[in-house]
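If you're matching them up, the sequences are chains A and B in order.
First residue of the first sequence: 1, per the UniProt record's numbering; consecutive thereafter.
First residue of the second sequence: 1, per the UniProt record's numbering; consecutive thereafter.
Be a bit skeptical, because a hint or two may be false.
Said to hold, decoys possible - Derived CB-CB ranges, DEER-like:
{"no.": "1", "chain 1": "B", "residue 1": "Ser-165", "chain 2": "A", "residue 2": "Val-19", "range": "23 to 33 Å"}
{"no.": "2", "chain 1": "B", "residue 1": "Pro-63", "chain 2": "A", "residue 2": "Pro-131", "range": "37 to 47 Å"}
{"no.": "3", "chain 1": "B", "residue 1": "Thr-65", "chain 2": "A", "residue 2": "Val-86", "range": "56 to 66 Å"}
What the hints contain is simulated information worked out from the structure, not anything from laboratory work.
Each residue gets a CB set at the ideal place from its N, CA and C atoms; glycine is no exception.
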Amino acid sequence: MREFSVPERLGGFGALAAVGAAIWPTVTAGTGMALPCLLRTVTGVPCPACGLTTAAVALVHGRIGPAFLANPLIFGLAACTVASGVLVALRAAGVMAPPRPWSSAQRRRAGRAAGLLAVASWLFQMHRLQPDLF
Amino acid sequence: MAYPPPGDPYASQFPPPPYGQSPYGQPAPYAGWGSRVGAYLIDSLCVAPFGILAAVFGSSVDPATGLPSFNASYFLFLILGFVVAGYNRWFQAGRTGQSWGRKALNIRLLNEATGGPIGAGGAFVRDLAHILDGLSCYIGFLWPLWDDKKQTFADKICNTLVVRS
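Generate the whole structure from the sequences, applying the supplied hints.
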């Protein structure tokens with residue numbers, strides 16, 4: 001099997017997360033399990049990923065609005081999952097060439113973009129969960 | 001020609017490259033995120049029965065107060081589970097690089113500098129360091145998805161790699 005690219009791996013994670021989100025309400029109802037934010041539990045400050053479980057569960061059940069209000073980042077992961085699914089299928093069929101590693105400049109740009117997204121998400125979550133703090 | 005050449009008196013001055021840095025641009029055999037998660041799930045399943053037994057046979061509700069109460073079986077099963085997890089994830093994985101889950105999925109935990117097992121203490125400290133992976137919004141657990149060496153934060157702190165066997 002060929003080595004998957006980073007977007008393809010993220011897409012694979014997104015697919016797994018979608019399956020997990022589909023069964024998560026059943027699991028929590030039966031066991032009382034939860035996926036707490038450790039940063040928020042320890043410090044009281046939400047993290048950029050807060051709300052992602054809620055958003056993923058809402059999105060796989062077709063509730064777009066609540067998903068966006070919980071954490072808009074879930075739409076990025078969903079888009080990456082759908083796009084990488086198509087890419088993997090086309091590459092497996094030989095229609096597209098296998099992915100090429102990104103240059104160091106491209107990786108730097110992607111890292112900066114991810115950092116900016118994380119900061120934006122953090123501000124969003126602080127506004128959502130700690131309006132008195134922010 | 002191989003370098004350093006056979007019989008080179010200075011050959012010992014060139015240390016071997018750190019594990020995972022394959023020569024001539026060959027891909028390093030790092031374990032994928034999916035197989036790492038799978039191995040962790042198998043390791044967890046190995047101790048899950050002890051938690052279930054503890055919950056079924058060791059816990060009840062105090063009829064007087066209505067609060068949860070625990071008998072000796074509860075703590076016995078929890079200790080048994082801890083011993084099994086410790087043997088599997090720290091003792092065995094530290095000595096051989098493979099817990100039961102990693103063995104099932106043909107992956108191995110290694111010291112990045114030596115390429116050998118990290119020892120029981122190292123495996124214990126690495127599992128403790130996973131707390132940082134969770135504290136960072138669980139991003140540390142996802143870091144192998146895009147990291148060059150497919151390492152978590154715990155791997156970077158403890159200088160460890162997970163590779164395909």
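Fill in: Pairwise beta carbon distance, Pro-63 of chain B to Pro-131 of chain A, judged against the given window 37 to 47 Å
holds (44 Å)
Worksheet item: Ser-165 of chain B and Val-19 of chain A, beta-carbon distance inside 23 to 33 Å?
Response: holds (27 Å)
Worksheet item: So the hint says 56 to 66 Å: do the beta-carbon atoms of Thr-65 of chain B and Val-86 of chain A match that?
Response: Holds, at about 58 Å.
In summary, this structure violates none of the numbered hints.
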